[in-house]
Amino acid sequence: MKGNLNLIIEESRTLKAIARNWAFCFLIFFIVIFSFTGKGFLSIVNFQNIIHLSVIAIFMAAAETFVIITGGIDLSVGFVMGLSSVTAGKIIQILFAAGNLSVGAILLTGSVIALVVSLIPGLISGIMIARFKVPPFIATLGMWGITNGIALKICKGFPVASLPDELTKIGNGYTIYYKEGSGISWFSLPAGIANDQIREYLRLIPISFILLFIVIFILRHILNNTTFGQHTYAIGGNEDAAIRSGINVQKHLIKIYMLSSFIAGMAGVFNVFQTGIGNFTTFGAMYELFAVAAVVIGGASLLGGKGRLLASVVGVLLIAVLENGLLISGVEPFYRYIAVGLLLILAIVIDQLFPDLF
Amino acid sequence: MSYLIETRNITKRFGGLVAVNNVSFGVNPGEVVALLGDNGAGKSTLIKMISGVYPNDGGDILYNGEVVKIHTPMDALANGIETIYQDLALAENLNVYSNIFLGREKTKKRLGLFPVLDHGYMYDESVGILKKLDIKIPSLRNNVRTLSGGQRQAVAISRSIYWNAKVLIMDEPTAALGVAQQKQVLDLVNSLKGHGIAIILISHQMHDVFEVADRICVMRRGELVGNLVKKETTTEEIVSLIVGSETVQ
Ligand SMILES: Nc1ncnc2c1ncn2[C@@H]1O[C@H](COP(=O)(O)OP(=O)(O)OP(=O)(O)O)[C@@H](O)[C@H]1O
Ligand SMILES: [Mg+2]
Chain P
0 MKGNLNLIIE
10 ESRTLKAIAR
20 NWAFCFLIFF
30 IVIFSFTGKG
40 FLSIVNFQNI
50 IHLSVIAIFM
60 AAAETFVIIT
70 GGIDLSVGFV
80 MGLSSVTAGK
90 IIQILFAAGN
100 LSVGAILLTG
110 SVIALVVSLI
120 PGLISGIMIA
130 RFKVPPFIAT
140 LGMWGITNGI
150 ALKICKGFPV
160 ASLPDELTKI
170 GNGYTIYYKE
180 GSGISWFSLP
190 AGIANDQIRE
200 YLRLIPISFI
210 LLFIVIFILR
220 HILNNTTFGQ
230 HTYAIGGNED
240 AAIRSGINVQ
250 KHLIKIYMLS
260 SFIAGMAGVF
270 NVFQTGIGNF
280 TTFGAMYELF
290 AVAAVVIGGA
300 SLLGGKGRLL
310 ASVVGVLLIA
320 VLENGLLISG
330 VEPFYRYIAV
340 GLLLILAIVI
350 DQLFPDLF
Chain G
0 MSYLIETRNI
10 TKRFGGLVAV
20 NNVSFGVNPG
30 EVVALLGDNG
40 AGKSTLIKMI
50 SGVYPNDGGD
60 ILYNGEVVKI
70 HTPMDALANG
80 IETIYQDLAL
90 AENLNVYSNI
100 FLGREKTKKR
110 LGLFPVLDHG
120 YMYDESVGIL
130 KKLDIKIPSL
140 RNNVRTLSGG
150 QRQAVAISRS
160 IYWNAKVLIM
170 DEPTAALGVA
180 QQKQVLDLVN
190 SLKGHGIAII
200 LISHQMHDVF
210 EVADRICVMR
220 RGELVGNLVK
230 KETTTEEIVS
240 LIVGSETVQ
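Going down the list, the sequences are from chains P and G.
Using numbering that gives the first Met the number 0, the first residue of the first sequence is number 0, and each one after it goes up by one.
Using numbering that gives the first Met the number 0, the first residue of the second sequence is number 0, and each one after it goes up by one.
Derived from the structure by calculation, the hints contain no laboratory data.
Hints are supplied without guarantee of correctness; some may be wrong.
Said to hold, decoys possible - DMTMM-like, lysine to aspartate or glutamate: derived pairs with alpha carbons at most 25 Å apart:
id, chain 1, residue 1, chain 2, residue 2
1, P, K15, G, E91
2, G, K192, G, D133
3, G, K105, G, D123
4, G, K131, G, E91
5, P, K250, G, D74
6, G, K130, G, E171
7, P, K250, G, E91
8, G, K105, P, E238
9, G, K182, G, D37
10, G, K68, P, D239
11, P, K250, G, D56
Model the full assembly from the supplied sequences, consistent with the hints where possible.
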């Protein structure tokens with residue numbers, strides 16, 4: 000039965016493409032379903048919202064994609080994000096209170112320092128994994144605890160507030176504001192329009208999309224078109240082969256965990272812009288687990304060697320659409336977890352049935 | 000004539016186990032030296048030191064009569080020492096030409112700035128080398144996972160030849176192959192000999208060894224116990240060296 004199915008799929012290009020991109024097909028399928036069941040689901044505003052609120056999860060999944068392709072896992076991404084968020088928040092708070100610098104300089108300083116700090120957990124787990132052969136699960140679990148502890152220490156257990164308003168204006172801003180009669184205004188409401196009139200405007204392309212697009216474009220380019228990406232796949236496929244081909248696997252793995260950590264740091268900085276405060280990550284958030292789930296739904300294997308960046312993004316969007324669609328359709332929220340669980344099982348089954356597809 | 004590649008009193012320990020003990024041997028250009036020995040005799044460990052996978056714990060490696068430091072596979076490759084392993088060392092999740100270029104990918108500049116993989120170049124070059132060696136593989140864009148054992152072997156060998164191997168080390172290259180494919184590999188070995196390549200061949204198949212080797216070295220429990228010219232020895236003598244307690248230098 001399994002053999003037959005495999006054969007049929009092997010022979011048909013269309014079926015092969017569908018099986019390979021089943022998560023994407025499911026995404027379309029659910030969008031169609033929820034368009035009927037959920038009032039207000041099918042709208043530009045709602046879709047923009049879904050993506051805007053998924054930016055952080057997409058960053059997490061992108062980070063996890065690189066790590067998982069090498070055959071590793073990074074459990075620390077959620078708390079590295081929190082560390083980055085409170086670090087950026089704290090620095091911005093202090094500089095803002097001092098009042099010597101322009102807001103632009105303050106935001107830039109806070110963001111850059113947080114990004115640099117976020118490289119450190121990755122460097123440490125990378126060295127432990129590559130040099131001292133600590134299993135990735137354990138090494139990054141260590142960083143999971145340490146980064147969370149440090150983040151809580153920095154913010155003393157409270158969100159870092161009293162930050163400039165410019166943060167959310169950028170983080171939640173749109174590229175285009177449009178109102179019939181008054182035309183298009185770029186990047187901000189036309190001068191003299193009060194904030195409570197914002198609903199009269201059609202707001203298109205959140206600024207976060209531009210960030211998201213640039214980051215994903217660059218990361219996908221790195222993974223698909225560069226030597227670095229090629230070596231990432233090779234290490235996951237056969238680490239010995241990579242070593243014997245002269246690839247410096249230790250150095251590469253350290254870079255991978257630093258990259259993962261850095262992407263999580265970007266998520267943290269973005270989080271400050273999105274919420275206007277520095278947030279520590281709560282235990283219940285489980286960013287790392289949802290990221291791993293999204294990557295696996297996207298067709299990656301925890302054994303390493305395969306995974307695609309855009310497929311991981313689709314994995315995140317699938318989970319997000321399910322969540323949003325179920326909510327709008329009036330289904331109780333805990334079904335979300337069941338849905339994610341079912342999708343994961345489906346991903347594994349498909350991977351088992353068609354091992355050569357990806 | 001000095002050896003192209005040579006080891007002097009080379010030693011490797013794994014904890015308390017001495018896997019290779021004080022071994023000295025060498026290979027001339029255009030010569031095939033077969034390395035024989037029972038399972039666990041230390042053959043693979045010996046060649047892994049020459050190819051930079053394991054650092055040696057004692058002794059020297061000489062290339063062209065000069066001591067060279069081979070600490071990493073890159074060092075070995077830089078000296079033209081290429082290795083085909085028992086377990087092949089191909090990345091099965093990558094396609095054929097990506098494997099031929101693994102670790103030495105060809106890139107081109109996109110927009111004059113960003114280096115990107117030059118798939119077209121790597122594909123064309125790989126087609127060329129396979130053609131030169133008369134190796135047939137369905138599609139170079141298929142993952143190596145989909146190839147047969149013989150085809151994988153051929154990919155590994157053509158990779159070495161493409162990268163200008165001066166010393167070619169093969170760890171049981173015919174072990175997993177059918178009869179016809181075994182013959183192809185042996186023919187390939189014979190033709191490489193004509194190009195002045197020094198070849199070290201590990202094999203358990205006496206027939207292969209006597210067909211292509213010029214010299215036969217026998218290892219037993221980490222030590223080199225025999226170094227014989229093929230024409231002056233017999234299968235019986237070799238077998239007794241492998242299992243017995245004799246030593247012939
Ligand atoms: N990485 C390692 N760690 C510990 N011991 C090892 C390692 N590699 C090899 N050994 C041991 O060293 C000895 C020599 O092994 P080696 O693989 O060199 O044998 P071999 O001659 O190639 O055998 P075979 O014909 O079975 O391939 C064996 O006892 C083996 O168990
Ligand atoms: Mg061996």
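Hints, one by one, checked against the model:
The straight-line distance between the Cα atoms of K15 (chain P) and E91 (chain G) is roughly 20 Å, inside the 25 Å bound, and the hint therefore holds. The straight-line distance between the Cα atoms of K192 (chain G) and D133 (chain G) is roughly 16 Å, inside the 25 Å bound, and the hint therefore holds. Distance hint between K105 (chain G) and D123 (chain G) is fulfilled; the C-alpha atoms sit about 12 Å from each other, no more than 25 Å. For the suggested pair K131 (chain G) and E91 (chain G), the alpha carbons sit about 24 Å apart, so the restraint of at most 25 Å is met.
Simply put, K250 (chain P) and D74 (chain G) have alpha-carbon atoms about 16 Å apart, close enough for the 25 Å limit, and the pair holds. Distance check on the hinted pair: K130 (chain G) and E171 (chain G) sit about 24 Å apart at the alpha-carbon level, within 25 Å; holds. For the proposed pair K250 (chain P) and E91 (chain G), the alpha carbon gap of about 22 Å is at most 25 Å, so the pair holds. At most 25 Å may separate the alpha-carbon atoms for a hinted pair to count; K105 (chain G) and E238 (chain P) meet this at roughly 21 Å.
For the suggested pair K182 (chain G) and D37 (chain G), the alpha carbons sit about 23 Å apart, so the restraint of at most 25 Å is met. Between K68 (chain G) and D239 (chain P) the alpha-carbon distance is near 21 Å, which keeps this suggested pair within the 25 Å criterion. Under the criterion of a C-alpha separation no larger than 25 Å, the hint pairing K250 (chain P) with D56 (chain G) is consistent with the structure, at around 24 Å.
When each numbered hint is compared with the structure, no violation occurs for any of them.
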